[in-house]
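> Given the coordinates of chain V, work out where chain Y should sit on it, guided by the hints.
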Amino acid sequence: MRQPISPAISRRGFLVITGSAAAAAGLPKLASAQTAPPAAIPGKERLIVRSPRPINLEARLADLTSYHTPEGVFFVRNNYDLPAIDAAGWSVKVEGEVDQPLVLRLDDLRKLPAVAHDVTLECAGNGRSFHRPRASGIQWEHGAVGTARWKGVRLADVLAMARPRAGAAHVAFDGADKAPTPQAPDFVRSVPLWKAVEAHTMLAVEMNGQPIPQLHGGPVRVVVPGFVGSASIKWLERIAVRTEEFDGAFMARSYRAPRAEDDKETYSLQSLEVKSLVIGPADGARLPAGKVTVWGWAWSGEGELTGLDVSTDGGQTWKPGRFAGRWDRYSWRKWEYDWDAAAGAHVVMARATDSLGRIQPSTRARNPLGYRWNVIHSVKVDVA
Amino acid sequence: MIALGVVVPVRSEPLPPTPGWQLVVGRCVPCHSLEIAVQQRQGPKGWAEIVDRMIKYGAPIPPEDRGRILEYLLLHFRDPDGA
Numbered sequence: 000m001r002q003p004i005s006p007a008i009s010r011r012g013f014l015v016i017t018g019s020a021a022a023a024a025g026l027p028k029l030a031s032a033q034t035a036p037p038a039a040i041p042g043k044e045r046l047i048v049r050s051p052r053p054i055n056l057e058a059r060l061a062d063l064t065s066y067h068t069p070e071g072v073f074f075v076r077n078n079y080d081l082p083a084i085d086a087a088g089w090s091v092k093v094e095g096e097v098d099q100p101l102v103l104r105l106d107d108l109r110k111l112p113a114v115a116h117d118v119t120l121e122c123a124g125n126g127r128s129f130h131r132p133r134a135s136g137i138q139w140e141h142g143a144v145g146t147a148r149w150k151g152v153r154l155a156d157v158l159a160m161a162r163p164r165a166g167a168a169h170v171a172f173d174g175a176d177k178a179p180t181p182q183a184p185d186f187v188r189s190v191p192l193w194k195a196v197e198a199h200t201m202l203a204v205e206m207n208g209q210p211i212p213q214l215h216g217g218p219v220r221v222v223v224p225g226f227v228g229s230a231s232i233k234w235l236e237r238i239a240v241r242t243e244e245f246d247g248a249f250m251a252r253s254y255r256a257p258r259a260e261d262d263k264e265t266y267s268l269q270s271l272e273v274k275s276l277v278i279g280p281a282d283g284a285r286l287p288a289g290k291v292t293v294w295g296w297a298w299s300g301e302g303e304l305t306g307l308d309v310s311t312d313g314g315q316t317w318k319p320g321r322f323a324g325r326w327d328r329y330s331w332r333k334w335e336y337d338w339d340a341a342a343g344a345h346v347v348m349a350r351a352t353d354s355l356g357r358i359q360p361s362t363r364a365r366n367p368l369g370y371r372w373n374v375i376h377s378v379k380v381d382v383a
Numbered sequence: 000m001i002a003l004g005v006v007v008p009v010r011s012e013p014l015p016p017t018p019g020w021q022l023v024v025g026r027c028v029p030c031h032s033l034e035i036a037v038q039q040r041q042g043p044k045g046w047a048e049i050v051d052r053m054i055k056y057g058a059p060i061p062p063e064d065r066g067r068i069l070e071y072l073l074l075h076f077r078d079p080d081g082a
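Protein chains in written order, with numbering that gives the first Met the number 0: chain V, 0 to 383; chain Y, 0 to 82.
Isolated chain V, as found in the complex:
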């Protein structure tokens, strides 16, 4: 029987290659064309699959309706495959520029003071798909962001036990995830010591009241609030205190961008950008004329939000919105704006400002790896 030239692919399904097509692809010859589609990732069916392997899942804006993002709509970002970790056997090594290298187990963490913070994690590449010319990497739109209540211990308390030496200036984190080949770089990143010992930086064991799921880095992950998500290393197994910034590929090549538009030099990404999203109304919504409360989320990494302005005329005029509801030092904040919507087509926009003097731009200079996207978000609305 002649085999099809194109691979037969079912939605979320397995690649079906048989017979001579398989031989041509250098793949094992298969006896049968029949396969079953893989199960959807349990509990994550609402997310957009940016890739099944490694698993990268993006939230739809319409699902980001609550302050704490439920697990079912919390984005998932991975550079590599998930490791399988036995929580009971978990431990972390603390080594490097310390007087007292340590191995800590979960019981040791339980002896330290417990802390809990609401922290918004955002992928450095959130918004990458909007860069022009196009940037390489996962083509996130707006939904690589989520907020959870993280519970654990202060990293500062762990480091204090190890007694960093006078020359210590950076802290590197290594998780249990492994590259698919020996040549690909291990996923290791470092943060400056000032950030590692900051009171909100933690080794987390719980996410929204539950032990951290495997997909989100359990049993223990780092949470570095206000920094790009990749600082918050999952499946933590080693902490290395260093005199210099870590120099592996995920510090020296990727997660880097220029500071200003014409800069040739790049820096290793740390703080998130000031940013906001319009959640209601949704892009493309049709609304009746009259009063409507426009709303969304805003956040700002190391800055603190100082304002959120709203435009309903495509950016010609701006009025201040208000912040509403609970927030934490490094969490997003809900914003609202009461709009008396007149009939017609409108472009609704939100623009956040922060205490570092940052304001969302209307354009972003492209950087080749597509980071730092925080361009003003706009949604088109038709009012009847």
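To be clear, the hints were calculated from the coordinates, so they are not data collected in a lab.
Careful, some of the hints might be misleading.
[Claimed, not checked] If you want the ones that stay clear, here's a sample from chain V, every Cβ over 12 Å from chain Y, calculated:
| no. | residue |
| --- | --- |
| 1 | T180 |
| 2 | E236 |
| 3 | A323 |
[To be verified] Simulated DEER-style distance windows between Cβ atoms:
| no. | chain 1 | residue 1 | chain 2 | residue 2 | range |
| --- | --- | --- | --- | --- | --- |
| 4 | V | L105 | Y | Y56 | 44 to 50 Å |
| 5 | Y | Y56 | V | Q213 | 20 to 26 Å |
| 6 | Y | P15 | V | D282 | 27 to 33 Å |
| 7 | V | E44 | Y | G66 | 18 to 24 Å |
| 8 | Y | P29 | V | A251 | 44 to 50 Å |
| 9 | V | G306 | Y | P29 | 46 to 52 Å |
| 10 | Y | P62 | V | T242 | 52 to 58 Å |
| 11 | Y | K44 | V | E94 | 37 to 43 Å |
| 12 | V | P69 | Y | P29 | 45 to 51 Å |
Where a beta carbon is used, it is the ideal one built from N, C-alpha and C, also for glycine.
Relative to the frame of chain V, chain Y by itself:
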């Protein structure tokens, strides 16, 4: 019956069936799903950088396949504004 040897979740549209598609499958999916590759849009320099980095990272791409893989990717996943 489950496929033997290689079982890979893949994108929901077929790869365009022009010459080289099998190479893209065979050389790329041992490490990651096709979605990683086919969501990119790059120009010739951009695709070459990516493929060469993949080779450096251990992708099973013998030198004789590099050119055909690049041709295929550029034909179907090109950014007209990309270098």
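> Given a hint of 20 to 26 Å, does the C-beta separation of Y56 (chain Y) and Q213 (chain V) actually sit inside it?
25 Å, holds
> Regarding P69 (chain V) and P29 (chain Y), is the given constraint of 45 to 51 Å on their beta-carbon distance met?
35 Å, violated
> For L105 (chain V) and Y56 (chain Y), compare the CB-CB distance with the range 44 to 50 Å and indicate the outcome.
34 Å, violated
> Range hint 52 to 58 Å: satisfied by the CB atoms of P62 (chain Y) and T242 (chain V)?
With Cβ atoms ~41 Å apart, the hint is violated.
> Hey, is E236 (chain V) genuinely clear of chain Y, shortest beta carbon separation above 12 Å?
The claim holds: E236 (chain V) sits with its nearest Cβ about 22 Å from chain Y, beyond 12 Å.
> Given a hinted range of 27 to 33 Å, is it respected by the beta-carbon distance of P15 (chain Y) and D282 (chain V)?
30 Å, holds
> For the hint 37 to 43 Å, verify it against the beta carbon of K44 (chain Y) and that of E94 (chain V).
At 41 Å between Cβs, range holds.
> Take the C-beta atom of G306 (chain V) and the C-beta atom of P29 (chain Y), compute their distance, and say whether it sits inside 46 to 52 Å.
50 Å, holds
> For T180 (chain V), which was marked as not at the interface, is the minimum beta-carbon distance to chain Y over 12 Å?
Per Cβ check, T180 (chain V) is inside 12 Å of chain Y; nearest 3 Å; violated.
> Has the hinted range 44 to 50 Å been met by the Cβ atoms of P29 (chain Y) and A251 (chain V)?
26 Å, violated
> Assuming the hint says 18 to 24 Å, is it satisfied by the Cβ distance from E44 (chain V) to G66 (chain Y) or not?
40 Å, violated
> Taking the closest pair, is the beta carbon of A323 (chain V) still more than 12 Å from chain Y?
Holds, because the least Cβ-Cβ distance between A323 (chain V) and chain Y comes to about 36 Å, which exceeds 12 Å.
Figure legend: structure checked against the earlier numbered hints; hints not met, in rising order: 1, 4, 7, 8, 10 and 12.
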